[in-house]
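K.L.:
Given next are the chains, with one letter for each unit.
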Amino acid sequence: MSRKPLIYVLVAVLAAAAITIGVVASRAQGSTATLPAIAPAQLLANMAATQQTTKSISGDVTWSNGLIPGSELSGLLSGGSGAAPSSLTGLLMGGSGRLWAQQGSGLRLESQGSGADFVVVAGRSGVWSYSSATDTATQYGLPAGARAGTSPSPVPTAMDPLTTITRTLQSFATTGTLSVSGQTSVAGRQSYLLTVTPTSSITTLGSLQVAVDGKTFVPLRVQVFARGDTTPTLSAGFTSVSYGSIVANLFTFSPPAGATVRHSALPTPQGLTGGMHSQSRPAAHGAPLTLAQARVKAAASGLVLTAPAPGSLASSLPFAGATVMPSTKGQGDTAILRYGTGFGSVVLVESQGAAGATANLQQTLAGLPHGLVGATTVAGVPGYELSTSLFNVVAWQQGKVTAVAAGMVPQATLRAFVAAV
Amino acid sequence: MKLLRRELTKLFAQKRSYVGWGGLLAVPLLITLAFYLNRNNHHHDNGPGGVISLAFHNGILMPLASVAMLSAFLLPLLAAMVGAYQLAGESETGTIKTWLMHSISRGGVLASKWGIAVIYVVIGLALVFVGGLAAGALAFGLHSQALLSGQTASVTHWLGLSLVAYLYVLVGVICVLSLALLFATVTNSSLSAAIGALVVFIVMNVLGAFSYFDFLKPYLFTSHMDAWQSLLSQPISWHPIVTGLITFAIYIAALMAVAWYLFRRKDILV
Amino acid sequence: MTMTQDRTDERPAPPNGVEPVVLATYGLTKSFGNTLAVDHLDLTVRRGDVFGFLGPNGAGKTTTIRMIVGLIYPTSGYATVIDHQVPREKIEALRHIGGFVEVPAFYGNMSARRNLRLMGGLNAQVDEKRIAEVLDIVGLSERADSKVGDYSHGMKQRLGIANALINSPELVILDEPTSGLDPQGMKDVRELVRELGKDGTTVFLSSHLLHEVEQVCNRAVIINRGRVVIEGPVSELHPEHSSVKLLTSDQGKARDVVAALVGAQQVTVDEEYLIVEANDGTVREMVGRLVAAGVGVDAVIPAREQGLEDFFLGLTQSSDVDTGGAAGVAGGAR
Chain L
1 MSRKPLIYVL VAVLAAAAIT IGVVASRAQG STATLPAIAP AQLLANMAAT QQTTKSISGD
61 VTWSNGLIPG SELSGLLSGG SGAAPSSLTG LLMGGSGRLW AQQGSGLRLE SQGSGADFVV
121 VAGRSGVWSY SSATDTATQY GLPAGARAGT SPSPVPTAMD PLTTITRTLQ SFATTGTLSV
181 SGQTSVAGRQ SYLLTVTPTS SITTLGSLQV AVDGKTFVPL RVQVFARGDT TPTLSAGFTS
241 VSYGSIVANL FTFSPPAGAT VRHSALPTPQ GLTGGMHSQS RPAAHGAPLT LAQARVKAAA
301 SGLVLTAPAP GSLASSLPFA GATVMPSTKG QGDTAILRYG TGFGSVVLVE SQGAAGATAN
361 LQQTLAGLPH GLVGATTVAG VPGYELSTSL FNVVAWQQGK VTAVAAGMVP QATLRAFVAA
421 V
Chain B
1 MKLLRRELTK LFAQKRSYVG WGGLLAVPLL ITLAFYLNRN NHHHDNGPGG VISLAFHNGI
61 LMPLASVAML SAFLLPLLAA MVGAYQLAGE SETGTIKTWL MHSISRGGVL ASKWGIAVIY
121 VVIGLALVFV GGLAAGALAF GLHSQALLSG QTASVTHWLG LSLVAYLYVL VGVICVLSLA
181 LLFATVTNSS LSAAIGALVV FIVMNVLGAF SYFDFLKPYL FTSHMDAWQS LLSQPISWHP
241 IVTGLITFAI YIAALMAVAW YLFRRKDILV
Chain W
1 MTMTQDRTDE RPAPPNGVEP VVLATYGLTK SFGNTLAVDH LDLTVRRGDV FGFLGPNGAG
61 KTTTIRMIVG LIYPTSGYAT VIDHQVPREK IEALRHIGGF VEVPAFYGNM SARRNLRLMG
121 GLNAQVDEKR IAEVLDIVGL SERADSKVGD YSHGMKQRLG IANALINSPE LVILDEPTSG
181 LDPQGMKDVR ELVRELGKDG TTVFLSSHLL HEVEQVCNRA VIINRGRVVI EGPVSELHPE
241 HSSVKLLTSD QGKARDVVAA LVGAQQVTVD EEYLIVEAND GTVREMVGRL VAAGVGVDAV
301 IPAREQGLED FFLGLTQSSD VDTGGAAGVA GGAR
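Residue numbers (the working numbering), protein chains in the order written: chain L, 1 to 421; chain B, 1 to 270; chain W, 1 to 334.
Just chain L, same shape as in the assembly (with noise of 0.2 Å):
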């Protein structure tokens, strides 16, 4: 039997790929022409405004989520044939779906995973989320202050994902430079990359690039780099969008026949990362105190502050400010304790600790992915220790004070911190 034919066969199948290249590319190519240059104020001047024109917007998502270790192996393998998530904080796992948000009528949200589904919808019926892989349907209460009828649409802003992405790039003017880094084709539009980088040279950023559609300036696409990286750690975006209207049933829910119902209160930003964001808007609890101004107002409630000596902090994380506010759980008051500037800051937050807190921190670690938390030693007491390439997090618990310090700084900078408490 002569090779040659045999070698028509592989010209075959070679070729019908490369033909299947043409055609679906060409299918799959947008616009490539290129966009006017813009100054970064400008752009976001026009993020902001786009939210009177800009009414319906859907298309295929995909996000990814870098920081939890032990997703090499999901890395090396193709994403999109994982299982779906089957509640709301699977989703910060990372996946693929389809997003549409409409003003006025809501957003619906569905991530796909091998022959499941998870969707959530937020529309006139309220705010529910439906697990095909486990036939549940679950009802959220709304957070207090954002019920439907205080706002012209049924959609609470806060959970309009786009407008808060501008609301947040607004207010990185002060810790980081914006540039706009170039251009780029995204979800087949021509798109401007909007760059964060940050002031501060000692945090684990890199910076934030956010693609806006060079035509509509909704963003279709935000990534976070940690400083160093080429491949971005968070990732959420459009791979496919389109700004047609979307009919209004898709915003409703209504459990199908045979699912389980369920009743929970929506989940919101709190806990080790809550102190955060916090730096990003103004405490809400009264102009910064001094340490000393901390330290007085605490002890009113019982609680006894342990800081760093003003001496021995390393000279990037100046003491910035404190916050002492009535503790949300359990009782006295927890203080907030900043240090540093802007990106490169670490956050110190001490509450009274009772029996409880201790077993509620340890509850939230237990629920994270195995091997993110380790056990770490501070200042002779046992704690723990959370470390990401974004951000690390250490916690502990002195006498009857849980403290807890976070920042968007490297491991080492924030273990010498710790020491000098």
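By construction, these hints were calculated from the structure, which means they are not laboratory data.
Predicted model only: the values in this text are computed from it and were never measured.
Glycine included, every Cβ here is placed at the ideal spot set by N, Cα and C.
Please note that a few of the clues may not be correct.
Some chain B residues well away from chain W (every beta-carbon gap over 12 Å; in silico) [unchecked claim]: (1) Trp-21; (2) Trp-99; (3) Leu-100; (4) Met-101; (5) Ile-104; (6) Ser-105; (7) Ala-126; (8) Gly-141; (9) Thr-156; (10) Gly-160; (11) Leu-207; (12) Ile-246; (13) Ala-253; (14) Ile-268.
What the simulated footprint calls covered on chain B by chain L, stretch by stretch (three residues with Cβ under 8 Å from a Cβ of chain L suffice, anywhere in the stretch; the number is not a length) [stated by the list, open to error]: (15) 106-117; (16) 142-155; (17) 229-241.
One-sided excerpt, in silico: chain W residues whose CB lies under 7 Å from chain B [unchecked claim]: (18) Val-69; (19) Leu-71; (20) Arg-95; (21) Val-101; (22) Met-110; (23) Leu-118; (24) Leu-122; (25) Asn-123; (26) Val-126.
Once you've looked at the hints, dock chains B and W against the given chain L.
P.N.:
Using the frame of chain L, we list chains B and W on its own:
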């Protein structure tokens, strides 16, 4: 065409046709039986997940569960064997020269072989569909069922979706069949041709499983085999299905074009 | 035994307008890699011929036939079948051809009748009557409805012939149709071929047995190693002289009687036999004279078969040595 009619006569006269069909039909029956025996056990972790796990308690999902299970390997295997055997089997029995000493074109012979292999798979899939539906109806009855995206769909809607899914899988499987037929034009052993096609299928699947080869994925027809699953979310995203069908069509056309070229020029030495 | 000579003379002239040459090859060549299987083969088969294609095993007979029917493609050269070139117009050419190559292949799980039904109507419509007819011609009527898989080799050969005849083709090509048959089977097939020839069908028959070609064909070509060795009427393929072996009651007296008839040089003694160079007509005269002389004639054995097989071997062997072929012996005249 008259050649196809003759191939039909041959197909139904051969025992091995019925063996393959019987094997295919057994799958939905066995799946339904397994679900039926497990019906009081609500652990969805047992057995294969995904679409198949939806099929607890509702017969309307049996056809989809069956095709999901079969399209992974059994269907491509059968398609490769059928495609290979139709052409290479004639070389093995020597009957190819009996045919070719008549006043017929080689292209016509190849086309009728392809046609009869397709008909074989169509009959097999029809058996799986009807068998799964009947077994499911008997075991669990047919009810409305929620789609993956949470909306409830009627029995007729699910039937329609299942039909479209089956048609989609059929086209995908015809790719494997055409590949096997192409191999059969260069080798006289139906086993070698079937194995060749299966090896290519498996290699493509393996390549598609590693994110290192993500740039290749859209161009391998195996990556599109599961695209019918987007039928199960509403609103239906037709893009992956259409892309898949176009990819399949390109592959089938290219493979059969080369097969035609090779078969026309081949020296029949058996 | 004289029928071969009869046939050459009695071949009817083809009617006007009908192509006299049914099959011809022009420089037909086939090489497989470095092996030259068929080397510039030229032959011509006229309408009504029973044409013998003769050569030892491995001479390239089957390869040539495969090229004639378009199963394989020549490296160079071509064939024509009634005006249609093969391989270029092979579909039209095959309309006029019936036959088989090597072992006739059918579907073992179906009956002979079903097999014929399956393949019979491809060139032209064929009805049940015709199927029954050809089965009868080859003598398979009784076993027509049993599975072909149960057939003996001889029955399969017969089915092959039936399949060849079913469309009443102008040219019947049979590749060693008696191979593997018992003597009765061989006899039946040869008789069948003769009948075909009598009906005016042109037959192209390949064989490695000279005596078979002698019995059945009127023209033949002998090939060896892919080359034509000799082509011509069968009667001219071997020297005119023939010899007989005589076994008599009185060798000495017989010798005298025979020598008086044919000349002393034509008579030799081989142990108890007398070898006499004499043609057919003389043999009768010789026996008559011996009996009249009171010599008992125990046996008259034609030594022609052996002599001619030796001649055949000699021809093919000598063409191994002489690369030019022995075409000069009788001329390759068309």
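K.L.:
Of all the hints numbered above, which does this structure not satisfy? Sort the numbers upward.
P.N.:
2, 3, 4, 5, 6, 14, 15, 26
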